[in-house]
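*Asks:* Each chain, written out:
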Amino acid sequence: MLIPAAYALVKIGRVAWMPVDGALNGPVIDRLMWWNLMALCAIAVAGHLWLAFAMLRRRPAAKSLPAAVRWILLAGFCAMYTWMALTAQNLWAATRFEGPSLTAMRVEVVGEQFQWYFRYPGPDATFGVTRPQLVNAAAGNPLGIDPRDVNGRDDVVSSVLVLPAGREVDLQLRSLDVIHGFFIPGMRLKENAVPGLALHVHFTPEKVGTYPILCSQVCGLGHDRMQARLMVVSAADYAKWFAAREQAREASE
Amino acid sequence: MRRGLARVFTTDHRRLGILYLYLALAAVAVGTTLSLLMRFHRVWPNAVLPFFGVITPEDYLALVTMHGTLMIFFVLTTAPQSGFANLVLPEQIGAKGMAFPRVNAIAFWLTVAAFLVLISAAHITAGGAPISGWTSYPPLSALPAAGPGQGLGMDLWLVSIGIFCIAAWLSAVNMLATILGERRAGMTWTRLPMTVWAWLVASILTLLAFAVLLAAVVLLFSDRHFGSSFFIPMNDMIDGRIVGHGDGSPLLWLHLFWFFGHPEVYIAVLPGMGLATSLFANFTRRRVAGYTMMAGMLVAIGLLGLAVWGHHMFVSGMNPYAGTAFAMVTMAIAVPSTVEVIGWLATLWGGGLRLQTPMLFALGFLSFFIVGGLSGPLLAQPALDAYLHNTFFVVAHFHLIMAMAGVFGVFAGVYYWFPLMTGRLMNEALGKVHFWVSLIAAYGTFLPMHFAGLAGEPRHYDRLTGPATNFSRLIPLERGITYSALLLAATQLVFLWNVFMSARRGQAAGVNPWESTTLEWANGTEPCRIERGPYEYELPQGEGGFHPQWEAVAKQE
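Read top to bottom, the protein sequences are chains H and Y. Take 1 as the starting number for the first sequence in our numbering and just add one per residue. Take 254 as the starting number for the second sequence in our numbering and just add one per residue.
The hints are simulated quantities; they were obtained by calculation from the structure and are not laboratory data. For clarity, every value in this text was computed on a predicted model and none was experimentally measured. Fair warning: there could be bad hints in the mix.
Said to hold, decoys possible - Pulled a few chain H residues facing chain Y out of the computed Cβ check, cut under 7 Å:
(1) Trp-17
(2) Arg-31
(3) Asn-36
(4) Ala-44
(5) Leu-73
(6) Ala-75
(7) Pro-132
(8) Arg-188
(9) Gly-196
(10) Leu-199
(11) Lys-207
(12) Gly-220
(13) His-223
(14) Val-233
(15) Asp-237
Yeah, the Cβ is synthetic: ideal placement off N, Cα and C, and Gly gets one too.
Sequences are here, hints too, so could you generate the full structure?
*Replies:* Right under this line is the structure:
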């Protein structure tokens with residue numbers, strides 16, 4: 001009886017308030033979050049029951065609490081903190097210590113007050129050189145891609161992040177002006193975009209759907225409007241979308 | 254006239270303590286009003302406010318910035334540390350006065366100056382108050398063109414914080430010198446009340462942390478006006494114009510700022526921990542369970558608190574290996590905090606509590622310390638923090654552990670030490686109403702924010718729906734938070750009424766109304782040599798007996 005009950009708890013180990021997760025490593029994070037919240041809620045309740053008991057106990061106890069109880073409690077807490085530190089560390093190492101696989105798709109994310117741009121390297125799988133002096137959104141070059149660099153000729157810049165489901169993606173985060181926070185709640189992914197740095201995060205979108213992308217680091221008066229969409233589509237739809245973008249780019253040249 | 258001036262420009266530490274409390278009261282009144290405007294705006298974004306009009310997104314960010322700066326610097330740093338320590342610290346250690354009374358007075362007036370400069374940032378400048386939050390991350394804070402309020406408003410913010418750093422530093426030097434050098438004979442380390450331990454650790458943290466913040470503020474000011482590039486990277490652009498000419502690093506600011514910012518949290522909450530320890534002993538009539546351990550753990554929290562700043566930076570672009578190191582140290586700091594809580598719970602376990610108002614607020618402090626503290630180990634895990642960072646979950650966490658615990662500690666102190674300030678007791682019935690309604694309203698305000706955070710709602714957003722997001726399912730929750738916040742603020746009027754009425758007509762307190770053992774209640778009867786510990790409540794002779802620290806140990810017993 002206990003085993004199926006415990007199993008059911010693990011299975012439903014998902015915080016109902018969190019948005020639907022669509023990433024490969026999402027369920028692991030959600031389950032860890034759930035266990036942490038359950039453990040901490042239980043401790044908070046127990047602590048308050050203790051407080052209520054002490055407040056309602058009008059006649060003082062003859063003996064004080066044995067010191068052994070304190071030590072046992074402390075040992076229990078230390079064990080819990082160790083468990084938390086180790087499980088979370090494993091997860092952190094798995095997602096952040098190792099780079100993406102060599103076959104991961106690369107996309108560059110560039111934040112600018114107050115929008116996100118997504119650059120795909122195109123068929124040559126190489127990003128063209130960018131120069132800040134060439135940044136000119138009105139002329140259709142918001143990232144300052146150097147036209148003299150052949151690698152940049154097939155780059156595609158989009159305001160929507162379109163990704164094929166099931167393929168790992170390596171995001172390179174940059175910012176042109178101030179610090180922005182790149183946050184996709186549905187992918188359980190957050191990393192700042194810092195001017196002067198090119199930071200990498202990688203993840204694998206699994207579920208087809210549309211997910212909001214937010215700026216999570218206050219970046220100026222338009223901070224709350226600095227949002228974009230992630231569209232996770234099937235591999236075939238992705239190929240179609242990319243071909244259309246390539247054609248549009250060629251047509252404009 | 255001259256007497257009035259002498260009362261204001263005093264070097265008397267007790268008067269300065271009261272002046273600090275007045276300053277904190279002014280700051281908390283403004284800070285609370287700003288937070289209510291934010292809460293109001295989140296629920297009714299299009300409402301036209303009298304004297305204000307519609308709150309725009311930049312107004313909202315200015316409100317956030319000013320609210321945070323006022324509350325953290327001018328309330329949670331001034332009241333528990335400078336306010337109460339000035340009020341009772343010299344008496345508690347049997348000193349004749351502060352070590353450097355003039356430095357102490359100068360520190361207070363510099364704090365006032367910092368407060369006035371900060372308030373002027375919001376009112377006299379065309380762009381209004383800065384909008385980059387109390388953390389002021391560059392390049393947003395380094396470039397006047399980056400947003401409204403980032404010009405003169407930001408300059409005044411920096412000047413204000415710079416002055417505040419110097420003031421906090423002077424105040425801490427004075428306090429350290431007093432604790433180290435002015436103790437009465439026999440006032441050994443193990444006879445110090447726990448409040449003194451807390452102020453000692455908080456003073457050391459102040460010295461180290463505010464020195465770094467002052468340096469950071471000077472560097473940022475230099476970036477803004479003297480052409481340096483400590484925090485602005487090469488080729489940084491604002492509005493299509495290249496402004497970055499050196500090769501600075503915004504991450505440098507994050508490191509400097511959080512090296513200050515995290516110890517600052519402990520500066521705010523340590524005095525409350527010390528006071529709660531004293532009150533639990535007093536109102537249970539018991540010794541502190543494991544005094545040496547409890548004092549040692551306060552020091553451990555302070556020391557570890559200097560090495561955990563990177564947990565604010567897990568997703569800032571910091572090296573992920575550094576994230577692991579900071580996560581481990583942060584998890585380690587949960588251990589001394591747990592020792593403190595277990596020590597308090599062990600003292601309380603036997604029951605028989607005297608549930609007077611100061612004790613209730615100390616219990617409230619403990620309640621917030623538990624609930625707000627427990628989300629700490631969760632946020633210390635980078636893998637989970639990567640989702641929760643900068644969401645309302647974090648707002649809930651620090652408002653419970655730092656703001657509510659800190660403020661309840663201040664309330665406990667005001668109710669407890671009120672007789673020392675006025676010779677009268679505060680009204681108990683009003684105090685109890687104040688406590689219970691504040692407790693419920695505070696939980697009503699901050700507990701639901703955990704859910705908003707888990708739903709992914711970011712901080713600093715002035716409305717729930719954006720181009721790609723729709724948090725409209727959170728609207729009932731947000732309404733509840735706003736109503737609770739209004740109730741919480743309104744309840745403080747009961748407190749103010751109680752303070753001002755009791756100061757005039759309250760019941761006369763007499764000598765040592767709480768039957769305390771520490772020296773601030775000695776009423777001029779301190780001996781030349783202290784021979785007793787700070788918490789000699791539990792006596793074999795029978796219930797209710799206690800030995801205050803000013804009592805001599807009888808030769809034959």
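*Asks:* Each hint should be assessed against the structure and marked as holding or not.
*Replies:* Hint check results:
1. Trp-17: With a closest approach of 4 Å, the Trp-17/H hint holds.
2. Arg-31: violated (11 Å)
3. Asn-36: Holds, about 5 Å.
4. Ala-44: Holds - the Cβ of Ala-44/H comes within 7 Å of chain Y, reaching about 5 Å at its closest.
5. Leu-73: holds (5 Å)
6. Ala-75: violated (10 Å)
7. Pro-132: holds (4 Å)
8. Arg-188: With Cβ-Cβ at 5 Å, under 7 Å, it holds.
9. Gly-196: This hint holds: Gly-196/H lies near chain Y, its Cβ roughly 3 Å from the closest one there, short of 7 Å.
10. Leu-199: holds (5 Å)
11. Lys-207: violated (16 Å)
12. Gly-220: holds (4 Å)
13. His-223: holds (6 Å)
14. Val-233: violated (17 Å)
15. Asp-237: With Cβ-Cβ at 20 Å, over 7 Å, it is violated.
Comparing the model with each numbered hint stated earlier shows that hints 2, 6, 11, 14 and 15 do not hold.
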